[in-house]
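Given the structure of chain A, go ahead and fit chains B, C, D, E and F onto it with the hints provided.
Chains as they are written, first to last, in this note's numbering: chain A, 1 to 338; chain B, 1001 to 1338; chain C, 2001 to 2338; chain D, 3001 to 3338; chain E, 4001 to 4338; chain F, 5001 to 5338.
For the record, the hints were derived by calculation from the structure and aren't laboratory data. Since we're looking at a predicted model, the values are computed, not measured. Careful: at least some of the hints might be erroneous.
To be verified - Taking CB as the label site, the calculated pair distances span: (1) 5325/F - 4266/E: 18 to 24 Å; (2) 4058/E - 1216/B: 54 to 60 Å; (3) 2197/C - 123/A: 50 to 56 Å; (4) 5118/F - 3229/D: 49 to 55 Å; (5) 3174/D - 5159/F: 47 to 53 Å; (6) 4157/E - 2058/C: 44 to 50 Å; (7) 3331/D - 4266/E: 30 to 36 Å.
Think of the CB as a built atom: it goes at the ideal place given N, C-alpha and C, for glycine as much as any other residue.
Protein chains: 6
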Amino acid sequence: MPTVVTFGEIMMRLATPGHNRFAQASHLEVTFGGGEANVAAALALSGIDAAFVTRLPQNDWGDRAIATLRGQGVDTSRIIRGDGRMGVYFLEHGAGPRASRVIYDRADSAISHIAEGDVDWSSVFAGVKWFHWTGITPALGDAAAAAVTAACKAAKSAGCTISVDLNFRKNLWTREKAQAVMTDLMPFVDVCIGNEEDAETVFSIKGADVETGSIDRNRYIDVGRQLSDRFQFKAVAITLRESISASRNGWSAMLYAQNQAYFSERYDIDIVDRVGSGDSFAAGMIYAQLQAFDPQRAVAWATAAAALKHTIPGDLNFVSPTEIARLVEGDASGRVQR
Amino acid sequence: MPTVVTFGEIMMRLATPGHNRFAQASHLEVTFGGGEANVAAALALSGIDAAFVTRLPQNDWGDRAIATLRGQGVDTSRIIRGDGRMGVYFLEHGAGPRASRVIYDRADSAISHIAEGDVDWSSVFAGVKWFHWTGITPALGDAAAAAVTAACKAAKSAGCTISVDLNFRKNLWTREKAQAVMTDLMPFVDVCIGNEEDAETVFSIKGADVETGSIDRNRYIDVGRQLSDRFQFKAVAITLRESISASRNGWSAMLYAQNQAYFSERYDIDIVDRVGSGDSFAAGMIYAQLQAFDPQRAVAWATAAAALKHTIPGDLNFVSPTEIARLVEGDASGRVQR
Amino acid sequence: MPTVVTFGEIMMRLATPGHNRFAQASHLEVTFGGGEANVAAALALSGIDAAFVTRLPQNDWGDRAIATLRGQGVDTSRIIRGDGRMGVYFLEHGAGPRASRVIYDRADSAISHIAEGDVDWSSVFAGVKWFHWTGITPALGDAAAAAVTAACKAAKSAGCTISVDLNFRKNLWTREKAQAVMTDLMPFVDVCIGNEEDAETVFSIKGADVETGSIDRNRYIDVGRQLSDRFQFKAVAITLRESISASRNGWSAMLYAQNQAYFSERYDIDIVDRVGSGDSFAAGMIYAQLQAFDPQRAVAWATAAAALKHTIPGDLNFVSPTEIARLVEGDASGRVQR
Amino acid sequence: MPTVVTFGEIMMRLATPGHNRFAQASHLEVTFGGGEANVAAALALSGIDAAFVTRLPQNDWGDRAIATLRGQGVDTSRIIRGDGRMGVYFLEHGAGPRASRVIYDRADSAISHIAEGDVDWSSVFAGVKWFHWTGITPALGDAAAAAVTAACKAAKSAGCTISVDLNFRKNLWTREKAQAVMTDLMPFVDVCIGNEEDAETVFSIKGADVETGSIDRNRYIDVGRQLSDRFQFKAVAITLRESISASRNGWSAMLYAQNQAYFSERYDIDIVDRVGSGDSFAAGMIYAQLQAFDPQRAVAWATAAAALKHTIPGDLNFVSPTEIARLVEGDASGRVQR
Amino acid sequence: MPTVVTFGEIMMRLATPGHNRFAQASHLEVTFGGGEANVAAALALSGIDAAFVTRLPQNDWGDRAIATLRGQGVDTSRIIRGDGRMGVYFLEHGAGPRASRVIYDRADSAISHIAEGDVDWSSVFAGVKWFHWTGITPALGDAAAAAVTAACKAAKSAGCTISVDLNFRKNLWTREKAQAVMTDLMPFVDVCIGNEEDAETVFSIKGADVETGSIDRNRYIDVGRQLSDRFQFKAVAITLRESISASRNGWSAMLYAQNQAYFSERYDIDIVDRVGSGDSFAAGMIYAQLQAFDPQRAVAWATAAAALKHTIPGDLNFVSPTEIARLVEGDASGRVQR
Amino acid sequence: MPTVVTFGEIMMRLATPGHNRFAQASHLEVTFGGGEANVAAALALSGIDAAFVTRLPQNDWGDRAIATLRGQGVDTSRIIRGDGRMGVYFLEHGAGPRASRVIYDRADSAISHIAEGDVDWSSVFAGVKWFHWTGITPALGDAAAAAVTAACKAAKSAGCTISVDLNFRKNLWTREKAQAVMTDLMPFVDVCIGNEEDAETVFSIKGADVETGSIDRNRYIDVGRQLSDRFQFKAVAITLRESISASRNGWSAMLYAQNQAYFSERYDIDIVDRVGSGDSFAAGMIYAQLQAFDPQRAVAWATAAAALKHTIPGDLNFVSPTEIARLVEGDASGRVQR
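Chain A extracted, bound-state conformation (with noise of 0.2 Å):
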């Protein structure tokens, strides 16, 4: 019986090695990853029963996607396969002031053909107490987006806990369709993850300057405020990056819970691979949830198991909670450990 189901899509992700532009791979790395996958992965990797669930192209590559996750201790047993193509993603790694890049070829993908009746959620949710989904899913289409509807009645009344990473995709879907579906879907939710970017783009949400001082910090408080009073979430988690290249990036993140906001500690990062530090986040703070941490090592955790996320190769966190404890606790010194 999982602890946490996740829905949504697994794709093949195929990188270009090092630095290597598009223009140049004589390969491309072979992995697989997708917002939701990388979030029930993580949580197997810290030691939490999680499920995924998908619908998956009776192939080879629908396979490995499968053994990809099982291998991590993911339960799989809930996926279905059927019609219609791998999603495959391709990734190029930026350096310096050079962007990294992700060309999406996941139009007719097997889940975009995902009907009604595919899935018996009800099934899926019993004995779960935490159920998560992305923006990404419902953007997939209106059978994909029909699917987060009827997970997310079923685990209401299953009694989970819902969380959601706003993740707007603008090649996906637009900005009012989203806000559409998006709006519909919150009054499920009861815990929205998301960056400032989002908040805007889906739900117009922008934060306020409110005093002079500490500027940022009180924006992103309003930001969460706003998304709290909407949608009457319990608790809000706002990442924060500083874009200050392609090879490295300012992260924390603040949470707000219970009318208060609770700021991490911000990391500078050297980046391996940014890809997936955002489900990291989510994960860890699923995690924390779980493990009922006060909201400050709620954030803090959170914040540092991304931290982590951002120097390993491919989507997923292959970290465990001691090394995300160690960070927590404050080492960053990066010393062997022997």
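Frame of chain A, contents of chains B, C, D, E and F only:
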């Protein structure tokens, strides 16, 4: 002004390294290929002015497909760009009793969106001597089939010799559809290339074993004769592959022209990569005709060119006319050339 | 509830790339394997519920061994963790007259520390139909041998069929020790798998050439008969490898059951990686019994499964029942599957 | 008809992977590059018709150098072939306080054998607008220097703008020889590109610090003014590299035109591969002139183009005008482009 | 006749490529290294005759460890061979806040079986000027500790200067055991190398902050003074690492000799591979003494040598004295050396 | 004091990976080799004290060539350093009917600059028993040829046995030049190694087919006899390669000594890398003479050593006497050695 024009789809080829299966490969090797593109490249590598026509997406992979061909000397100036995705095929190399496998992921690729008028065929064929296409192109959809028809008409008007490689692909269309479409296109064709199986699948032509003795040869001759008689081909080339295993093949061919059959040498081949060998044969046959080789040398040349292709990774046949000629002259010893 | 349980050691396999010797390799390819683990994985890849039992160190390599098996669908929930190191084997691929080489570095590995009571064998075998082990496990030390005995007893009580692969390893124990230990364990065994050399080394059973004519076959039949008679095996399977060179082998097998011998097809194999092929044979034989194949099809199936394994890098047999069936039906042509 | 022609040597570049030293590398990465070839490729990648003229050996490496450039759209039809060897340069990437190292192995390369009349310069420059060369070409020997002179004369007759990148190479010629040869060639030049050190080495021009305050800027301005005054250049571009370490550089530039100095943004760069960045700057400057950018945008463009080059492996600058423009507009954040 | 002899263990080093974690790496990079072997290799690469003494298994990995050292010029003729296994260490490179990790698998390695009389120490040290060992060797077990004592006695008799690198390894022995064994060995030692943490762990020596002002420096000086006073060392070298993250370190050192402290330059380092940097420091210090550098140049030299090591993959410091000297002279710019 | 000295050129070998052509390879594998260096390394790997003499450039590649040989135990102390470049050869592995190709880039290499007196030959040969060289060395130019003469004289004075491998290289000199130079050198030679083609090219000696029956054998015997008679060789070894394809060769040899011919076993070989196999044969023959094997065992040993070399990447023959002996005893089965 190119001497030869080919038209079809070029795909991104993602192959597992060594003999790894899809389930195992940590990376995929990136090259580009497709029947007609392979023919154009082989001709360019033999010093013939060759142009390739297709429709490619407006993204990095489309750019790179062009760069690949242009690098080898193919004229890519007639390629058009537009919407749709890059066709992809995944390749896993077999060995011994384990077959090589291909997973096609080419549905909805840019060429399937080709529209009437996208290509100005009469200007494409101005001054051109030879037009080559394969049975894969019309199988890509009605739009592509219409484009083949339009191209054939324009090529015929321009006085081109037209060759086809039958290349039936069961996952692209049904036998019935292939029969209907291909039968309509044959009147344009002068030189028909295929194997015994294609002849039967696409035209229901089966070789009869007319005499005892050198049985097989007679059966192939009969196929050649029937094809020639039915469609008034100037020449029919039949490739004769003996699949001993995924690692070893016997390889030879027959050319049927002016009511006579010419058989090539038979090669025992240790296979490195057999994908694209049929295309190398077609290119060799076109080269032989352009060089006005006699039929015996023509079939020897095309067979030798394709024998060499089996030893080269990727779709493209990186061999020089000098190397083909050496093999035609009988040196298959593989001695180190210092 | 698994259908099959296997028990033994899984090691980290570090293989030189290509045909590099240990003296040359700049890197080593990391996979995991071991006789009984390979059998469990092959069964899981064929759709059988299979569990693997072992004792692994509490470190990253132990975690990864588990991830490897779990990814392929093996039930790893019965694996115990503890002190001791990860067993390692280094592999160098031979070619032609140069033999492949293995350097074992498995002394003092975690499984050699297994203690009575570490595994609750009766709960392990609840509901299980088949138990498989090999002669390697008891050779790992007295503790491991005791665990095999305990496992056999519990399996017998649970009504399991028990199979053994004799697999004598001269660097793990002496012939005398093997004879003593294995003879004591044979009463539990229903199905015995091995080759002629194992039979002689472990049980001093040598085939007599009873008649002239098809000499070899009779010798193998005699080995099968002697083994069956001595230990009351329900079936004896003898693999017949002809080592032509490190690159090429002849491969076939005999199944002796109910006083009758059944011989498989003989395959000429170009070898990619022959390590684990015996395990694939054992898995194929177990699969065949579980599917209630008749003896002729059973030996054909197991031999074909193992023939395919020779073409796949690593210890694990990444093939599907569909692929095995195609080879059993006689298609060893290796034609490209599109 | 190309818009730009460049003339020089293209070499085979053999680089150690990652940060391996020559003493360690198990393999070397093969690409091709050289000052003027890099400029031609960068222009072609920006959509400018560019041709590269050189003399290459009649072997596979000569063929491949051509294929590399032709693939990126460079017109290679003016390249001549002949005796002599392929120039090679070996590259080892530095890091931190350890410098990158280059071992040149270009003596006796094909271009050093270039003879008067090998290239028909007047036909080369027919219809061409811009000719670019660097101080490396005349340093390759008297024959090459004579060819540069002949090329300059023909380009001038054809009405081309001529640019030079000073690029002093101490292992190719002495300072005295460089001064003599380069001074004779400067009357042909309209646009001079270099750094402060080149100006001093080749022309004994040293910047004076005329005022206190913004000291450095004034010194560079003084260098620009002196160069302009002495050789009547229409424009002088000075690149300003701050070598903090092999991993990090400050990067900016100054353009001095019509008695005025324009300074670019300064970039802090995490270096992936800085070889060829000067050539990217030159190409950006030529592009800017052809697009008639004003001086401020011109220096911004060239500097941004070169900043991006530092992040791309190999000599060639695989960037699009869109990417350069984004950086010129100020987005150096490196955010993932999806 | 070597000038320097070192004694200790050399291990097989198996490192994940790039920044892959143990959980991800498809292959491991094979090199060899160990504290005292690294010192011998660094000295040989600097042109000093250096011999390494150890005990290695009689297998291919033992052979290769020898080949590695011999290739770099180390005299390996005193190495003895025997039973036991090859010590292995697995390395995973960290980045940013994620620490590098080492999994040692060296228990029961050949050197731990070293017996009295295996090495004829008096002949080993005939004509030798310097003996170096580290705190790792006596930690390998009582036999190894006894061998260190025997070696020290023989070296002293032969008139050698003896240096030690304290190098406490908590997974090899306890602090108490280390204190006892190391304290007994110190009377043989002339030059002691370590860091502040080693001094405290092994000798309970903690630096006092005697004055305000340049606080840290005084603390280190105090450690140097205490060590010198207690053990009558001729010189104490303390390395001062600031672990900002796994990607960046500050690096400097202090040499305390004749009651005076000498501090080196401080380097900001972008780390490629920091394993073995301490050994490079020790080798640089020995080199400096053999060259009779004054204390200020000695600490500058050793610190620069080690700074360069941080940029080189593997345990060995592939740098030349020329390169070290250039950095000592102040050129840390990393400009390309052509 | 070495037992064997060889003299010649060692080159940097840059080979395409797998079966890639020069046109395709993204990287080249770096090793070092050359006829006489390969012989020295093979002897050192067999436990014979062997020294290699050459002249190498004073750069990193020269250092690395030395490190390669020294690592395998070759005495490199007699190698001299100086101006000139590192000789390079590019290698592309053939397959099936496609030949392997070598592009030499060795003109003007350091050894071609060798001057009289650079090597003190009389001290080189003090205490040495055997001197080996090949027909490549005098072909490198008059200076190298003079050095061979000087070396032969000194070796003779020192009482060495002298062996030559004829090794005619048509791209280094003409047949006429070779005949003149080699004929002058033969009086120094005791043991002559070559193939039938070399004998004809260099000495115009052709085997007569004296009787019918075992025709070929008699022809080779006749070549051996003629060579022996003409130059008073103590032994003549003729290698007999049957080039079936680039993937498969038949391999055997004949030793003609004391008027009698001894033929080896014939091996059918699946080729991994056949470059250097002739050198392995020569080394095996020298080894056999030093061990005083009888002629039949001598030819068996040398042929087996070379058969094994065909299976090993690179120029060097990484095999042990144990492995050669096993093959000589008849075990060519390639069974896994555990």
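Numbers of the earlier hints that this structure fails to satisfy, in rising order: Of the numbered hints, just 1 does not hold.
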